[in-house]
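Order-wise, the sequence lines are chains F and A.
Count the first sequence with the UniProt record's numbering and you get residues 1 to 739, in order.
Count the second sequence with the UniProt record's numbering and you get residues 1 to 739, in order.
Because the hints were derived from the structure by calculation, they are not lab data.
Take the hints with a grain of salt, since some may be wrong.
One copy or any two copies: either way a pair holds, since identical chains are not told apart in the list.
No farther apart than 30 Å at their CA atoms in a straight line, the calculated lysine-lysine pairs in the BS3-like style are these [unchecked claim]:
1) Lys-650 with Lys-662
2) Lys-102 with Lys-315
3) Lys-268 with Lys-639
4) Lys-83 with Lys-333
5) Lys-482 with Lys-619
6) Lys-460 with Lys-611
Please read all numbers here as calculations on a predicted model, not as lab measurements.
2 protein chains.
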Amino acid sequence: MKNHVLFLCCCFVVHTASNAQSTTISGFSNADAQAQLSIEKQFDQNLNAANIGNTIKQLSSHPHHIGSAGGKAVADSIYNRFKSYGWEVRIDTYHVLFPTPKTRLLQMTAPTTYKALLKEPALKEDATSGQQDQLPTYNAWSADGDVTAGLIFVNYGLPEDYDMLDRMGVSVKGKIVIAKYGHSWRGIKPKVAQEHGALGCIIYSDPADDGYFAGDVYPKGAFKNEYGVQRGSVMDMPVYPGDPLTPNVGATANAQRIERSEAANLLKIPVLPISYHDAQPLLKALEGPVAPAAWHGGLPFAYHIGGGTTQVHLKLAFNWDIVPCYNVIAAIKGSQYPDEWIVRGNHHDAWVNGANDPISGIAAMLEEAKSIGDMLKSGWRPKRTLVYCAWDGEEPALLGSTEWVEDHLKELQQKAVVYINSDGNARGFLNAGGSPALQQMVNEVAATVTDPQTGVSVLKRRLAKETADATTTKAKEEALAKKEMELGALGSGSDFSPFLQFAGIPSLNIEYGGEDAGGDYHSIYDSYDNYRRFKDPSFQYGVALAQTIGRVALRQADAQQLPFYYQDFYKDVNEYTNQLITLANDMRESTALETELLKDSIYTLAADTAKHLLPPQPKTAVPYFDFAPLQNAVAHLQKTTDSLHQVLVKMNDANTSDVLNKTLYQAEQQLLLPEGLPRRGWYKHAVYAPGFYTGYGVKTLPGIREAVEQRNWTEAQAQIQLAADAIDRLNNYLQQIHD
Amino acid sequence: MKNHVLFLCCCFVVHTASNAQSTTISGFSNADAQAQLSIEKQFDQNLNAANIGNTIKQLSSHPHHIGSAGGKAVADSIYNRFKSYGWEVRIDTYHVLFPTPKTRLLQMTAPTTYKALLKEPALKEDATSGQQDQLPTYNAWSADGDVTAGLIFVNYGLPEDYDMLDRMGVSVKGKIVIAKYGHSWRGIKPKVAQEHGALGCIIYSDPADDGYFAGDVYPKGAFKNEYGVQRGSVMDMPVYPGDPLTPNVGATANAQRIERSEAANLLKIPVLPISYHDAQPLLKALEGPVAPAAWHGGLPFAYHIGGGTTQVHLKLAFNWDIVPCYNVIAAIKGSQYPDEWIVRGNHHDAWVNGANDPISGIAAMLEEAKSIGDMLKSGWRPKRTLVYCAWDGEEPALLGSTEWVEDHLKELQQKAVVYINSDGNARGFLNAGGSPALQQMVNEVAATVTDPQTGVSVLKRRLAKETADATTTKAKEEALAKKEMELGALGSGSDFSPFLQFAGIPSLNIEYGGEDAGGDYHSIYDSYDNYRRFKDPSFQYGVALAQTIGRVALRQADAQQLPFYYQDFYKDVNEYTNQLITLANDMRESTALETELLKDSIYTLAADTAKHLLPPQPKTAVPYFDFAPLQNAVAHLQKTTDSLHQVLVKMNDANTSDVLNKTLYQAEQQLLLPEGLPRRGWYKHAVYAPGFYTGYGVKTLPGIREAVEQRNWTEAQAQIQLAADAIDRLNNYLQQIHD
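Can you make the complete structure from the sequences, with help from the hints?
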């Protein structure tokens with residue numbers, strides 16, 4: 001299916017809310033809240049942990065990456081399940097580039113020889129680990145390449161690591177680098193290596209970060225054994241995600257495509273992930289300076305930087321195929337507001353079997369859908385339309401979700417109330433990130449879901465964890481006083497990204513976890529056998545996730561007045577603004593200090609002369625920025641959101657108009673920057689983006705923050721104005737409500 | 001020699017200082033300062049790096065622990081050197097208990113068997129490593145014992161580690177514990193194990209702390225190889241050091257001795273140090289819970305706590321011999337104040353060859369003595385008496401120095417102006433600790449000694465290092481603004497302890513280091529071959545140490561007005577007082593918080609239920625203490641020391657009396673507590689002691705601080721008064737000067 005017409009026609013209903021503010025559920029009248037609670041009870045009764053376990057077992061029974069027969073089978077199975085639950089369902093197909101390995105060779109050629117295994121072995125304790133049709137260990141979007149060069153160890157391969165290499169007098173130009181996984185999204189490592197002139201990049205899982213340092217290794221324990229490899233994408237998704245050949249538009253069959261060589265998010269160098277078994281002989285052979293203490297990993301020898309005779313041969317070639325990308329889209333039309341959509345999604349493609357990533361999330365989503373289907377049969381219908389999406393191709397580049405959002409941009413911006421994402425799930429604590437206006441609603445839901453292990457609400461357990469984890473008495477006291485959990489700001493790494501950052505649709509990302517640590521991520525060992533031992537043995541957290549997201553979806557679907565509270569957005573953006581001012585001040589002070597230290601030869605005098613560590617390069621002074629436009633816009637936002645709150649409170653006694661609801665849920669689009677972020681215009685949100693050098697990790701007020709961090713003073717000042725303009729657009733927009 | 005009469009008769013000279021404050025050396029008139037600088041130039045010219053290298057090579061050429069033929073030969077060689085330099089010299093002999101191994105056996109008996117090597121192998125790259133007469137790897141003062149029991153891994157074996165084991169539900173009662181070296185003095189580990197009911201204690205060097213994590217291992221690099229073992233004392237020296245059979249008195253031949261079983265500083269359980277080669281099979285065999293992340297070391301597997309089937313057999317027996325302890329005491333009688341002694345010392349005994357520890361310090365001391373001897377020949381004499389001491393038996397328990405100080409207590413308290421200690425030396429930065437009144441003098445000296453590698457003063461380089469090492473911008477700015485280095489407070493671990501903490505004699509401990517990291521400490525690999533590669537290849541830091549301590553000694557010897565500045569003591573004790581008030585407040589707040597957390601079940605709710613971690617035990621609330629007596633005493637001290645400073649400044653224009661000088665150098669004795677510290681009365685200093693649970697690490701205002709830390713509230717209040725009394729004694733004493 002492609003270029004399909006979306007299900008629902010546009011109609012407008014002004015609906016009545018009475019006394020909503022005094023009910024126990026925001027956005028509902030007292031009476032309606034009682035009804036909603038009874039619906040939630042019914043919803044809960046239809047959820048079944050064993051069923052979730054069976055779904056995980058079935059859908060992870062074979063490898064099912066995008067473009068594979070297994071992937072098609074999983075999409076079909078999900079389609080059939082939705083259908084059997086009574087949902088309208090279709091498969092939206094796109095046609096996307098997806099590279100798979102043709103040749104993979106890594107050999108050390110000097111001072112000794114070693115041929116890397118590049119293979120995770122089958123284990124008798126893991127039933128699916130020996131299956132055919134597994135994708136080999138590789139990084140998708142590596143360039144084709146055949147290079148032989150000296151090897152340099154670059155720690156985590158981040159910009160600051162290259163600053164240190166500069167101080168050590170080591171260049172990676174013309175070399176192959178070997179970097180540890182961790183401390184950033186993996187795609188940053190080859191990107192930064194390429195920026196520094198490296199010819200190739202090897203990424204390995206060090207046992208200090210992902211292996212025996214954390215506990216017993218698989219299959220005895222959950223952690224990465226010596227042969228485990230983390231597959232994964234190395235597309236430069238901070239530039240844009242989705243099909244690299246169709247930026248900004250859906251990858252329909254007839255879409256206009258650019259040449260692969262024109263795609264700004266594709267690497268020019270080959271990249272390969274390896275196990276610590278394969279890394280050990282290479283690292284052990286390295287000569288040159290001993291690595292700085294903080295760079296040392298968990299292998300049993302002194303880590304060196306290289307620069308001696310150690311030479312490796314890296315040869316990689318890929319099938320650069322266009323493959324079908326099957327998004328399963330299921331819906332239940334709303335009874336009152338069919339053109340207001342509650343969109344909920346989880347991807348279905350995996351690198352291999354993916355019992356945890358993504359099937360544990362899909363299983364919860366299907367359980368929600370089944371329960372809702374059961375409720376349908378009893379005559380209930382949601383007031384707004386529910387749209388449940390199982391995305392394909394998330395792993396390589398958020399392919400399915402991005403192409404779908406690009407393809408349906410205008411319709412989504414008009415109709416999508418919220419996008420609720422999950423991407424796997426396990427035992428532990430509620431984690432939720434997303435648009436701050438939704439924070440109160442999420443907290444209300446979290447207070448009603450019971451933690452399977454402790455019997456308290458998942459909100460209470462989450463707050464207890466925050467208190468226990470706080471590291472100072474003061475921080476613990478503050479955490480203990482908290483009654484609400486905060487929504488984390490969203491960067492990237494899952495399918496919420498196109499909704500939030502390209503389309504400006506309020507988004508949430510929700511999961512349980514924290515007691516599921518292990519080394520299975522993107523490995524053949526992310527299997528049902530692993531999941532049922534180490535992730536969520538009773539599958540009760542699958543039920544908890546279904547309860548949590550189900551309530552969020554059902555409350556959004558049925559609320560008289562949509563529970564959006566922009567005062568929470570003001571609080572966050574005010575904090576981000578203050579952070580930026582502090583960041584600039586701190587950088588100004590530390591730069592001035594460093595200039596002084598260089599003038600006084602402090603680095604030279606303090607250095608061990610036997611180690612030949614150069615002083616850092618001098619940096620330009622940090623100017624004072626005019627933050628006033630942003631500060632004024634944020635101050636204005638406080639007034640606007642306070643007034644809005646008063647209006648909404650009053651309106652509970654009167655009719656809440658659907659125009660108001662539409663205004664509330666479409667408000668976040670005001671924050672989209674017309675031109676997007678500098679050098680990556682796909683990212684349009686003025687407040688949230690994945691970091692250009694963090695990958696998944698969020699940068700708030702990213703235009704300003706990254707300009708300051710990257711010492712681009714002119715751009716920083718310009719971005720302050722653009723962010724202020726975006727917030728003022730929101731101010732003016734929200735002002736309409738009380739005008 | 002024993003019960004010797006000390007060299008020098010008492011005489012009193014009132015000597016004239018003119019305008020001392022305006023010269024460039026504190027305590028000297030301008031003219032005298034010029035003369036002193038010329039003497040220092042002469043002193044420097046006689047120092048020779050190659051000679052220091054030769055001394056290190058010669059004196060470390062054979063094993064020379066206390067009681068050995070090699071030890072006697074080294075003492076004789078030092079004696080002869082002093083003699084040849086023109087010093088009066090004698091050997092003061094004591095008779096001390098010193099255990100050496102008779103039986104050493106460590107075997108794992110279940111689940112598999114392993115017999116520990118307990119042997120550091122000879123290396124062809126290390127000429128002395130294969131010699132006979134090496135002391136085997138052992139911990140002196142281990143009890144005899146033959147125990148077989150289950151094995152428990154206790155991290156560093158400190159009280160907080162046992163708190164965590166309690167939370168894990170693990171008891172060491174009736175077990176043998178295995179602890180990592182580090183994070184405290186080694187003797188704390190078996191002491192705490194014994195307090196918790198363990199039957200035996202194994203201490204090993206983990207490669208994360210002392211091995212390949214730091215760099216290449218010996219002999220390729222300097223760091224501990226898999227077979228290296230740290231010998232060392234595990235006497236409970238925080239109770240009292242020296243011969244355990246003769247507490248408080250010199251261990252002369254006829255001294256009254258207690259029974260070994262009565263000695264409060266001897267362990268009841270066997271203790272053995274092992275290499276990481278020997279530790280690996282034991283640790284790998286451990287079952288039970290995975291160790292907390294922070295406990296994990298550098299061996300390539302997941303560390304477990306134990307509690308399963310792993311069983312070890314530890315059998316140790318010792319020769320409990322009384323051996324001669326040879327202190328070499330050399331002197332040059334002062335021309336004007338022969339009964340005022342500048343005492344300088346460094347021990348000569350080693351665990352094995354001890355090129356670094358202690359011979360590099362002895363070599364610098366002998367080079368000072370030779371240079372001074374050369375000056376004597378040209379007609380110069382010091383005004384005060386120089387007493388240079390090479391101590392025996394420091395390694396097992398500060399035996400030589402402690403017995404000497406106990407034996408000569410009254411005379412030393414009358415005559416000793418200062419005790420200046422060193423204990424090895426290497427490439428790097430000046431480190432100096434000691435009595436704060438000497439801080440200004442040490443800084444003046446440090447400003448005149450040139451760093452061999454950078455050509456700036458050792459003071460400037462040291463301050464540059466402090467600035468570079470500061471971790472925040474604010475800390476770096478503060479460090480950059482500093483013009484003076486601070487003297488660290490002295491705990492224990494070398495021969496200054498009896499002088500400072502038993503006798504109240506102003507003390508200094510001075511060394512260079514910080515660019516000499518390695519794994520040779522108390523190993524057979526602390527050899528000349530190691531030293532010349534990794535410690536101070538040019539021996540120029542030996543010259544720098546000789547220059548530094550030589551200047552300190554010569555300035556103290558020749559000053560008209562002794563350069564003691566008690567304002568610096570006030571500053572430090574004021575800071576310690578504020579630290580204690582903060583400590584009590586912080587503990588009160590954190591205890592109240594923890595009580596709240598327990599009441600709210602925060603630990604239980606936040607814990608991973610699969611890990612069965614119990615909440616911590618409830619703690620009693622921290623009361624408010626009356627710090628007023630101490631605060632008043634310290635406030636008074638500020639006035640007293642300010643007035644004293646005015647008196648001393650004025651006196652520079654008049655005659656400085658020798659009575660004044662005596663008053664100045666004997667002042668620190670006012671700080672001695674008549675009864676000493678609780679449960680360890682040997683330690684008499686109210687301001688400085690080694691920590692009861694740190695061993696070497698200092699505790700300032702120890703009576704108060706440890707009572708608070710150990711939650712003994714009654715004792716804390718009592719100790720506040722005793723410390724205040726001590727400071728008030730000093731106030732009244734110093735008041736005499738300006739009365």
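Here is how each hint holds up against the structure:
Taking identical chains as interchangeable, the C-alpha atoms of Lys-650 and Lys-662 lie at most 30 Å apart only when both belong to the same chain, with a minimum of 18 Å there against 86 Å between chains. Proximity of Lys-102 to Lys-315 under the C-alpha cut-off of 30 Å is restricted to the intra-copy arrangement: shortest distance 10 Å within a copy versus 61 Å between copies. For the homomeric pair Lys-268 and Lys-639, neither the shortest alpha-carbon distance inside one copy (50 Å) nor that between copies (73 Å) is at most 30 Å. With identical chains, the CA atoms of Lys-83 and Lys-333 are at most 30 Å apart within one copy only, with a shortest distance of 14 Å there and 105 Å across copies.
In this assembly of identical chains, Lys-482 and Lys-619 lie within 30 Å of each other by CA distance solely across copies; the values are 24 Å between and 41 Å within a copy. Taking the shortest alpha-carbon separations for Lys-460 and Lys-611, only the inter-copy value of 20 Å comes in at or below 30 Å, while the best intra-copy value is 52 Å.
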